[in-house]
Structure formats: structure tokens, C-alpha cells
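Required output: the full structure, derived from the provided sequences and hints.
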Amino acid sequence: MNLKEWIFTTDHKRVGVLYLIGSIAAFAVAGIMALLMRAELSTIGPTITANPTQYNVWLYTHGAVMILGFQIPALTGFFANFCIPLMIGAKDVAFPRVNALSVWLFYVGVILALLTFFIPDPPDVMWTGYPPYSTITTGNTAMYSFTVLILGFASIIGGVNFLTTVAYMRAPGLTLNKLNIFVWCTLAAFVLQLIFVPVLGTAVSLISMDKYLGTNFFDPTKGGDVLTYQNLFWFYSHPAVYVIFLPFIGVVYEIIAAHAKNMVFNYKMVVYGGVGGIVLLAGEVWVHHLYVSGMADWLRIGQMVTTLMISIPVGLMMIGLIGTLYKGSIAFTTPMLYALGVVFLFLIGGLTGIPLAVPSLTIGVSDTYYVVGHFHYVMAVAGTFAIFGGVYHWFPKMTGRMYNEFWGKLGFWITFVGVNIVFWIMMDVGVKGMPRRYYDYAHFPQFEGAHQWMTVGAAILAVGFTIAILNWILGAINGKPSGDNPWGSPSLEWSTVSPPPHGNWPSPPSVAEDWHPYGFKKG
Amino acid sequence: MAHDAHHAEGHAHAHWDTSIYPFIISFGILALAVAFSFKFVYHNGFAAILSLGIGVPLIIAGIAGWTSEAMGKGEGLSYGAMGWFILAEAMIFVSFFVSYWYTKLHVDVWPPAGNIELPRIMPLVMTFILVASSLTIHYAEHLLHLGNKGAFRTWYLLTIVLGACFLGMSVYEWSHLIHEGFTIGTNAFSTVFFSVTGLHGSHVVVGLAIFLAGLPSVLRGDIDEGFMRTAGLYWHFVDIIWFFVVSQVYYW
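Protein chains in written order, with this note's numbering: chain S, 50 to 572; chain A, 210 to 461.
All clues given are correct.
With a Cα cut of at most 25 Å, we get these calculated SDA-like pairs of lysine to any residue:
hint: 1; chain 1: A; residue 1: Lys282; chain 2: A; residue 2: Asp431
hint: 2; chain 1: S; residue 1: Lys140; chain 2: S; residue 2: Pro539
hint: 3; chain 1: A; residue 1: Lys282; chain 2: S; residue 2: Ile206
hint: 4; chain 1: A; residue 1: Lys248; chain 2: S; residue 2: Phe167
hint: 5; chain 1: S; residue 1: Lys140; chain 2: A; residue 2: Glu278
The hints are simulated quantities; they were obtained by calculation from the structure and are not laboratory data.
Remember, it's a predicted structure, so these values are computed and weren't measured experimentally.
See the structure below:
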């Protein structure tokens, strides 16, 4: 193996693998941060650190790295890079060098985020960076701003690249209604990235400008306004949920269709109603993050309506998944287990989100563990399960080898038990009044038992994820040869050899009139 | 499927395309971010200069190498891609303008204390120059399309000169205002004024940098039309944004 051909590669599959390695490393680091926080919270009073700022730094790293360093790069970096050109029958992306630039900018962003552990006064602004705290803290807010800016720029050029690729480089005969659901979902996520990431970039630039260059965007004594930041930040960060949701549900569609050997149910409704509806509504719901920040009542009602409305396209996508299972010949392989896990976890996360959309209900649980439990179910855990399932699903395509099915399933079940312990209890103590972000909970001694259960659950799920990651590493080294198309899928990425060579196909593929990525032969 | 994938096996050991320049540029950008922290957070001027001294040459070398490696090998897709990129760029300006309007319409007293009278004539002249440069680059593209390379070169250079004039006038105006005591920290309006005009100015710089990156090919006469169209599109975008900047921060 030629190391230079990996580091300086411009091939979309290798860039994708670089994204995967980086994001899994980021996942491990951010996961250790979560374990440290859980260890600290396992007893009242100082447990492993007596310094609350240290806890803040863990919280910052966990949130920022999980979202910006793991989920978004794994979904819009790894899966998009590896799968989209193969799914549309292209030899590579439109701009291979830009692609290499985006993966190395991603690494640079992650390096900046990890410098947190080595610099004096590390950033302690959580992943949100709200002023006025972020502009007066002694922590290094500039590091936070630059991490977000660089990762944001990487995702913008990635988005430009893939939108151009799918627009111009599809195989002859591959019409829009024959695109994989994953391709549709990821394109929609990229459109959202292009529209909303610049707003986040602006927001985080403004706090550093206020702090270091003496501007007055958020200084009320000079005519500025603090709430501007919250609006700009959530104008991106709510759509960011869909930037994560769309590709991960796309991955789940691919897994469920392939392992249930069934045509996607209601394809056009899923694409135009589900994906299209989410894109249309994504930018009109952010104010529900500001319900308790102070705003006009009429605005609260309007945002409640739009927030509840977006559950309609999301619901359409869930119906599509269930419908695809119906009358399919379901094989309970490891990827399928993860996909079904996503359906279950996302359902819990989705239903517990409805009360949060309603101002009268949300005020009672705002800033409690209920919110934390909800978003971990709906986005963090569901998204991570989809990523793990997707890596298992395309593992034979990437490596030409098979992972170990027994350890795969075992890892799934351990993780599944772990997440439900942690996050179900989290929602429960939240409703009973446990506030989030606290370093200590001496005022709430009644929750100590629950906190200890959550710590145990976190340890269990860490074991499960570790088994999965080890399974990939060992499978890539000495797994059994998988053959080119172990799942028997007609989707275009399985029509070339595994792993595909540079250029993907010896001659550009074209698709027949009656071909469809989900056209499984009925046996 | 019309083809047989197994024919690919013979190609499995074919070479894989590489390019070193994206890697170089990325780490140049890392050095810039580190330099900012050294200067403004840790107040270590020497370390900041050192990081800049590493970062800036890396980025310039990366861009130069990239341009010479890729020029003429494009597949004509950059024009469509630039459209998407401009969407993202436009959103940066949208967020600045919206937060400006939000603040302006939200607070009790506007303008805040410490404002001065902004010049009225200078921005009109600057508008005229920028619009002129948009027209010259459009005409240059037209000449290139007709194959008139000599005249194309003249109009291309004229565009660069006009862009540089615009930048020079911006710098003159900034220094004039700062001299009068109107700085970025004076109040919320001065903050908006300097950051929005500065943001636009940085886009002028990027536009000029694109033109300069293409200059060696223009002088050699092997510039490709796709590059010209894409660079021109970006320049028109910079021009159009200026109308918003000038109308919002100078005259409203």
C-alpha cells in the first residue's frame, strides 16, 4: 500500500475513507468526554474533578466534536463521498481536488478542536457559544470560532461539489426518479448546508470580532443586541438537525430496501413530499429554540405551527420505511438490526419532541434533562446507529471483505440496551426537574440513584460501540472475501467490483429503461 | 445492467490520482487560525508572525500549484458550481444585513451615540467604478469568445485596474473615517459599517485574486473560456452585492 496515494488522494472513495477514519476518531474522543462527564455526575459533589470549568470544557468538546467532527462529516463526508458517485454511475466527483481540500480542512478543524486539550485557557463555551458569556470568558473563544469556520467552509465546498456532480455526471438513462433515496436526501442536506452554514459562520465570527477586535454586535451599551446571536445561531443549528437527519434516514432507506429486498414504498411521496417538505420547512422553525429567551407571543404561536408542521414530511419518511418492510423478505443482518434500531429510537425521539414544540408545555421542561434525552434519541443516537449500520452495509463494498456477523449483532444489542438506559432515565429525571449543564446537583439529591444508572448505561453503550469499531478493523484486515454484491442489491454501487478501482467502472455504465435501484427480483 | 463489471479487475493496480496542493492549503489555513489565537488571545506577537510566515506562503504556493496543475483540464462544470457557491456567499451578506435590520429596528434609539456624517460623493464614484469593471469583464469574455485574444487581454487588465482602484478608494475612505475618530468600536452602527464594507472588500480581494491567478495563462494566451466565465460570474456577484452595501450602510 502506497501511503502517498492515500494522503494526497483525490479519489472520492479514498477521500471518503479518510473522512470515515477522521470522524470515527472524533467520535471516540467525544465519546470519552461523555464518559468523563458521566463519571463526574455519578456522585454528588466533586467526583473526578473539583474544577467546574474542566467539566465545561468536556461539555464543549463533547457537543462540538460529536456534531461538527463526527455526525456531519460521517454523513455528508464519508457516505456522500463513498456512495454518491457510485450510485449515479460517475467515475468520480466533479472537482476531485476540491474534494481533497474539503477532507483536509475537516482534519484541520478536528485538530483545532482537539488542541483544546493542550492550550492554556481552552474554550468553554459549549457548542453554542452564546454571548455575553463567550465574549467575556477567559477561555479561548477564537479557537471555537475558527473550528466552526473551517469545518463550515469544508462542508460548503463539499456541498458545491456534490450538487454539481449529481447535476451533470449521472450515468446515461439515470433520470431523477431513479436516484437512490440516499442521493436525494444527501443533496437536500447539501442545499441546506449551502443556505444555512454561512449564517453560522457569520454568527461565530461576530462573537470573536466582539471579543477580540472591539466590535459591538452584542454589546447593548453600544446599541448591539444579544438575541441577534441566538437567532443567527439557531437559524443554522436547527436546519443542522435536518442536515444530519436527511442523510441518516437515507442510509436507513438503503439498508432496509436491500435487506428486506423490497421496492421503497411510495418512492415519489418520500422524495417530493418528505425530502422536499423538509427542505421547504427547515428554515422556518428555528425560533422554537428561543421560546424562553423572550419574544412576541404571536411569534411563538407561528413557530409552534411550523414546528408541528414539519413532523408531516418527517412522518411521510417514516411511513416509507415501515412500508418498505411490509411484505419484504427481511434478513436480520447486522445493518438491518441497526436500521430497525433507528426506526425505534427515532420514533421515541420524535414523539417526545412534540411537547417541546408547544410553548405552554416546553416552558416547564426547558433547560432540563428532558431536552437532552429528547435530542439524544432523535438525533444523536438515531444518527449514530444509522452511521454504524451504514458502515456495516457498505463494509463489503469498501473492503471486499465481510465483517463478523456474530460480533456485529452482539455489539448492536449491547449498545441498544445502553442507550435506552441512559436516555430514557434522562428524560424521566428531566420531567421531574433535573436541570441540564450542571456540574453538580447538590440541590437535587433525589436524582443521585438515577445518575448512577445513567453512568452504568453510558459504560454499557461504550462497550457496544467499541465492539463494533473493533469488528470493522479486524474485518478489514482478515475478514472473509465478500464477493462483489453480497446483499444482491440492484443499486448501481453494487454493480462494480468490491472494492472498486480508480475510476469505478472500466467503461462508463448506463442503465436500462426498466432498471430501478430498488427493483429487486421477486423470488 | 448493460456492462460487465468484472472487466475492471485488469485495472485494479492502475495508478490513483493525487494532488499535494489541497493538503498544503489546508495546513496553511490551520497556521492562520493559530496565528489569530497567538495574536489576540495569548498576545504573543512573535509566535503570531511566525505562524503567519508559515501559513501565508503555504496558501500562496498551494493556490499557484493548484492553478497551474488544473488550468485547461476543467470539464466545464465550474460555472454551475460557482452558482451554488454564490448562494452560500450571498447568505453571509444576508445574515449581516438581517442582523443589522433586526438591531436597527429593535432598539429604542437609532442611530446610537457617536455617529458622524458619512461622505456622500465618494460611494457614488466607487459604485461607478465597480459597475464599469463588471461591464469591462463582460466585454472581455465576449472578445475571448470571438477569439480576439489581444483585445481580450487589454480589457482583462483594465478590469483588474478598476478593481484595484475600487480597493484603493475603500482604503482611503476607511483611513479618513478612522482619522476622524469613527472606528469599528465606536458604536453598533460603526461596527456594521466597517464589517459590511470590509466583508465586501474582502470579496473584491478574492475576485482580484482569481483574476491574478488566471493572469499567467492570460498572458500566455492559453486561458480557458470556462475559467473566464466562472471568474466573471463571481465578479458580477461582487458588483451586485455592492448595491446592497451602498444603499444600506451609506444612504439608509
